[in-house]
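There are 2 protein chains.
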Amino acid sequence: MRKKVVSLPTEPRRFPPLYRTVANNDDGLESRSYVPGSLDIPVSDPLNDRPGANPEQFIGLALSTCLNATLEAIERRDHLPHTAKVHTIVEMARDVRGFQFYLTAEVMLPGVDEKRAKAMIDLAERRCPVAKLMQGQPNVQVKLVANFTPVRPISN
Amino acid sequence: MRKKVVSLPTEPRRFPPLYRTVANNDDGLESRSYVPGSLDIPVSDPLNDRPGANPEQFIGLALSTCLNATLEAIERRDHLPHTAKVHTIVEMARDVRGFQFYLTAEVMLPGVDEKRAKAMIDLAERRCPVAKLMQGQPNVQVKLVANFTPVRPISN
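Chains as they are written, first to last, in this note's numbering: chain A, 8 to 163; chain B, 8 to 163.
Next comes chain A alone, as it looks inside the complex (with noise of 0.2 Å):
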């Protein structure tokens, strides 16, 4: 994201989109996200007590939905049994410049052996393309859990 290009990305050349939406922001924190004609959600800083979304959220919801999509194709190929369940625990903390997010999906897959549930959620992360925009960030992980950590929220 450092290196700045003028004209678009080279990859569009050869796989043109299937698919465009728009999700704004038009102001700020306090107040709300928008897909237009679509989604309306009133947003909030995490850190006070108003009611809303934040962005804590809409990431997890962006890697739970895209790896538990990718998962049920990769089942769907091995003909199994739909069973995958994707929760993402989104931590948010400051960093050296502002703040910074740590990720972590849990993924179940009851019913498949161990061996093979992590080979599938190996070829997920490959496949599903908000893993692929987070590739490589140690901040992200994905595990195979045989069940999902309790999350608590931490009280300020």
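Bear in mind the hints are in silico, worked out from the structure with no lab data behind them. It is possible that some hints are incorrect.
The list makes no distinction among identical chains, and a pair is therefore deemed to hold if it is satisfied within one copy or across any two copies.
Here are the simulated SDA-like pairs of lysine to any residue, each with C-alpha atoms no more than 20 Å apart in a straight line [claimed, not checked]:
| # | residue 1 | residue 2 |
| --- | --- | --- |
| 1 | Lys122 | Phe155 |
| 2 | Lys150 | Arg133 |
| 3 | Lys122 | Arg133 |
| 4 | Lys92 | Pro43 |
Could you slot chain B onto chain A? The hints should help.
Relative to the frame of chain A, chain B by itself:
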């Protein structure tokens, strides 16, 4: 993301989490994605006609909201009025394996001259936690615009 680590990322020791949330998908692309006690959003494959959000929209909402929140903080620090708006165009295409997304975050900064606006956007990219997670990805662009590009859906 490719290298699996069993332990937690090392950063939480230096920068402990200030906020934690979880975002879940239990049944794949034709189901719902949710944050327990908060968001509950029907999801659907963007390539069919069923209504529902999708990973493209979620990641666009994450980047637009996060970048504008970061720009808002920079405007405040610089004693500028908050005028920033961010619209993120997300396109989905095939890839060598599976699919890929192209993200173009368009930023308007009305009332700020071009040189200063570009410096602010550059700083926002380095501070916004969502942009950091996609750092170095050629598929992600953040750019200053005088007007937002009209976004037309792709007909299948």
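The hints, checked one at a time:
1. Proximity of Lys122 to Phe155 under the C-alpha cut-off of 20 Å is restricted to the intra-copy arrangement: shortest distance 19 Å within a copy versus 48 Å between copies.
2. Only within a single protomer do Lys150 and Arg133 lie at most 20 Å apart by alpha-carbon distance; the minimum there is 14 Å, versus 28 Å between protomers.
3. Only within a single protomer do Lys122 and Arg133 lie at most 20 Å apart by alpha-carbon distance; the minimum there is 17 Å, versus 38 Å between protomers.
4. Taking the closest pair of Cα atoms, Lys92 and Pro43 come within 20 Å of each other only across two copies (14 Å); inside a single copy the shortest separation is 29 Å, beyond that limit.
Consistency with the previously given hints is maintained throughout, with no hint failing.
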